[in-house]
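Both chains are sitting in their own frames, so use the hints and assemble them into the complex.
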Amino acid sequence: MINIKDLTIKKGNKIVLDNINMSVEKGEFVAIVGPNGAGKTTLIKAILGLEKPFSGEIKINGYKPDDIISNKILKISYLPQKAIVNWDMPLKVIDVVLIEHLRFFGLFRRYPKEKLKKAEYWLKVFGIEDRMNSYIKDLSGGQQQRVSLARCMVKEPDLLILDEPNTAVDAVYNFKMYETLRRLTDEKNLTIIMVSHDIGAVTTYVDKIMCLNVRLYCHGSPSSIDYSEMIKNVYGEGVEILMHGRQCKNCPVGVNKDD
Amino acid sequence: MIESLILKAIIAGILVSIPLSFMSYFVVMRKMTFSGVGIAHSAFGGIAIGVMLGINSFLFPVIFCLFASLFIGFMFKKGGFSEDSIIDVIFVFSMAFGIFILSISKEYYAGIMGILFGDILAVASSDLWAVFFVFLIGSGFVWFFFDHLNLITYNEELAKINGIKTDILYYTFWAVLSVVIVFSIKLIGIILVNAFLVLPTLVGLNISKNYKGVLAVGVVSSIISIVAGVYLSYLLNTPAGATIVLFFVALWILSFAFKRH
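Chains A and B are the protein sequences, given in the same order.
Going left to right, the first sequence walks through residues 29 to 287 as the numbering used here numbers them.
Going left to right, the second sequence walks through residues 175 to 435 as the numbering used here numbers them.
If we strip away everything but chain B, and leave its shape as in the complex, we get (with noise of 0.2 Å):
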């Protein structure tokens, strides 16, 4: 029974983890991890709505997590603020609405950590196959248009003299990051999803000096992260979530020895 709930929050942590450090590299490489942390609050406000209403489902904190990417990518664009001002106002808001919305609701406590911390211990086995789909929604969006997000992080208008609608691809990539970190805060929870935003490629970039070796790390590295958390959870007897980041940050850490200058 245990072996069956730790294999299958491996496997979930896996299929979300890979989708995860590939875009990872882009919100890195784009100096734009603080989206990332904006977005996962902004599920807050939808997952509270599903708590309130009793409705275990990802379509709330999906239509909150697309809102909000659309609104900070037109905000910034067309709106002249700095990314930075809009997603603190997204972050705010969602996380205030969210906690008004649980305070109302008999499920606050409960419903808050779970939300927080998420529980890759209670996947599903119905779960899998959402977080199969998700796992090749996010990795075949990044790998079928490497060329033209490496183009755009490289220098945006060089990308639109090659004829890449950049717009389109800019909200494209914020909606489909949107849907996995909404399937990946089930499993580790808002405030452990921006550490898979953001460690992956950091790890990369220690160990390896190419774009291809920094994807590649960081997939490796996420996936040892996500494999030994859960396992010395279950031995530690400590939330899994944060078991996972907590030995993913010490692999950065180490990887420090590795960094090549």
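Chain A extracted, bound-state conformation (with noise of 0.2 Å):
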């Protein structure tokens, strides 16, 4: 589905992505993982063509991002990181879950019922349909995510790209998200990317795992992966590794560097 051929990004003078390449199926759920500066977030935002590559390419269906975007050709939905988002606007849960249902004179005008009927299983799905009325800047951290993940579903996307979704919510949820992520790709057959820092969680649910410093370090199964030598080279020395066995053999369940 998604083909990425020696992507390099500058900033500046500065690579932030050095000849990255990766593949995505269709279907699959794959983290990237990686420290803050990594690089992450600008490989989601070139996925969807909001970064231009200072070289190579991405191809997502044979397309390239911009014309996917402009030409519609696949449905993408986008959880952005939560400080980037403006919370403080006078919207209702169901407005900010309806908000990418574009109209034109849409001032004054009602949503259809079948977007409300829609908008209401996906806030049924994410746990926080009773708040359905509520505003926005009403709900918790945790909440407000939760309504983020239902707008993004309500678009029926065939593409799901995450930028850390499960910033501010209760472990409690974090496990029940995950879940509902892992259901939606086995029964949806949903392609989701998902920008983390929860290594732990991510082994158990996902398929893939990308680890990225700049540069990509690795890119398997969450089996697959040589986590000692990953952590070594993505989160550098003296970062201790918690263990825990769960669906592999050796899978952290998280890192702690020695200050």
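Hints should not be assumed to be uniformly reliable.
[Claimed, not checked] Computed from the model, here is a short list of chain A residues facing chain B with C-beta under 10 Å: (1) Tyr91; (2) Ile104; (3) Arg137; (4) Leu144.
[To be verified] Below are the BS3-like pairs computed for lysine-lysine, each with C-alpha atoms no more than 30 Å apart in a straight line: (5) B:Lys252 - A:Lys87; (6) B:Lys339 - A:Lys103; (7) A:Lys204 - A:Lys152; (8) B:Lys252 - A:Lys146; (9) A:Lys120 - B:Lys433; (10) A:Lys141 - B:Lys386; (11) A:Lys120 - A:Lys145; (12) A:Lys204 - B:Lys339; (13) B:Lys182 - A:Lys165; (14) A:Lys120 - B:Lys252; (15) A:Lys54 - A:Lys100; (16) A:Lys38 - A:Lys103; (17) B:Lys251 - A:Lys33; (18) A:Lys165 - B:Lys339.
Derived by calculation from the structure, the hints in this document are not laboratory data.
For every residue, glycine included, the Cβ atom is placed at its ideal position computed from N, Cα and C.
Take a look at the structure:
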């Protein structure tokens, strides 16, 4: 579905992504992990056509991202980092879930019934249907993220791109969120690319992990990755690996760096 | 005669306050109120040229405002400068340029007072058509593109992946706002037009938590301020523009009593 070949992205003179080669198949759940400043967000923005390559190319089903967006070839949903969303707007939860339902002369128009039904369904899936008529700024950070997930799914996307969706989400719901996303890939053949710092959980739920720190250090199924090597390459020396055996042998639950 | 002047002032005031109230929602929500201040003050240079040449035309200030808005947008998006710093440069340049031009003309004092504080009671019947045109342009633009502007305000990246040409819409928004501002300056002046870029939405946010309510309250409070301000200025023999804005600020303070938390 997505093929990235020799992708390099620069910001000014600084290389933020260096010669990335990777692929994502339809129906895969892929996690991109790496430290702050590793280029994770830049990579997903490049897939969305929001960042332009310095060299190399990205093809989604054979098309460039810009063509996908302008010709609406695929339905893509995107959950940006929480910090860059304007949560202070006087919008109800339902307004946010349907904010991508764009109409001309939309100011005083009502939402179509089928859109409202879909919104209600997805709010229920993410366990927040009782707040449908609440104001978005009155919700907690974790609840706002769940509303954003419902917004993404209302579009019935072919490709779902999530940038740290579990920011501010509590531990219990974090687990449920991963289960829901896993179920969506299994049942709806939805392709998901997710940036996450939750290195422990992603090993349990995703099909593929990409370890990024400007360069791509690993790219494969959770069980195929040499975590001690990956942690050393991506997070640096002196990082303690917290091991836990779940889906795969030696999958880590997290990392801890000694200061 | 007086009744006719007041009626024309009120009609003109209402016609410019409605698009300003609509646009104020996005100016406040995008935290760009200083941009409005910058663009309004950039008109000063254009108006000063008109005063010096003895040409009472909207052409010069519109050109100045359009240039300022496009320059602010371009330097912010492409130049890597903060919006505030670019606006400050535009602000001081336009004011200095305007003062410089007016100082070498004979109309210095009268010109500067008119530009800064406006004269809503001096609206001619022919101006009403121009103001009506501005009302249609400003209100129509927001009404037509509301969903798109709303999404850009919520998150610009989301707007882009939904196929919205955000740069074009951003520049168009500022261009339309420039036109509305220039026509408003004649009525209430540069200093006071900024009040109409902020206060409608601030009052709206106190009274309503929903965007439709915020917009509706913003428009209604603007209309009340125009009508009451013009009428009070007539009764008290005070400058209309200043009276309108003082009333609007009082309304904003009063609206705290109804604030919904």
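So, going through the hints one by one against the coordinates:
The beta carbon of A:Tyr91 comes no nearer than 14 Å to any beta carbon in chain B, farther than 10 Å, and the hint placing it at the interface is violated. Interface hint at A:Ile104: satisfied, since its Cβ lies 6 Å from the closest Cβ of chain B, which is below the 10 Å cut-off. Interface restraint check: A:Arg137 against chain B, minimum CB-CB distance 9 Å, threshold 10 Å, status holds. A cut of 10 Å between beta carbons decides the hint on A:Leu144: the least distance to chain B is about 16 Å, and the hint is violated.
For the proposed pair B:Lys252 and A:Lys87, the alpha carbon gap of about 27 Å is at most 30 Å, so the pair holds. The hinted pair formed by B:Lys339 and A:Lys103 meets the criterion: a straight-line CA distance of about 18 Å does not exceed 30 Å. At most 30 Å may separate the alpha-carbon atoms for a hinted pair to count; A:Lys204 and A:Lys152 meet this at roughly 13 Å. A hinted pair counts as satisfied when its Cα atoms are at most 30 Å apart, and B:Lys252 with A:Lys146 does not qualify at roughly 39 Å.
Taken as a hint, the A:Lys120 and B:Lys433 pair is honoured in the structure, with Cα atoms around 17 Å apart against an allowance of 30 Å. Note on A:Lys141 and B:Lys386: the hinted pairing holds, with a Cα-Cα distance of about 19 Å set against a maximum of 30 Å. Annotation: proposed proximity of A:Lys120 to A:Lys145 holds, straight-line Cα distance about 16 Å (limit 30 Å). For the proposed pair A:Lys204 and B:Lys339, the alpha carbon gap of about 36 Å is over 30 Å, so the pair is violated.
In summary, the hint linking B:Lys182 to A:Lys165 is not supported, as the alpha carbons are separated by about 42 Å, beyond the 30 Å threshold. Distance hint between A:Lys120 and B:Lys252 is unfulfilled; the C-alpha atoms sit about 34 Å from each other, more than 30 Å. Our distance criterion of 30 Å between C-alpha atoms is met by A:Lys54 and A:Lys100, whose separation comes to about 18 Å. For a cut-off of 30 Å, the pair hint linking A:Lys38 to A:Lys103 stands: about 28 Å separates their Cα positions.
This hinted pair checks out: B:Lys251 and A:Lys33 have alpha carbons roughly 29 Å apart, not beyond 30 Å. A distance of roughly 27 Å separates the Cα atoms of A:Lys165 and B:Lys339; the hinted pair therefore holds under the 30 Å criterion.
The structure is inconsistent with the numbered hints 1, 4, 8, 12, 13, 14, although it conforms to all the rest.
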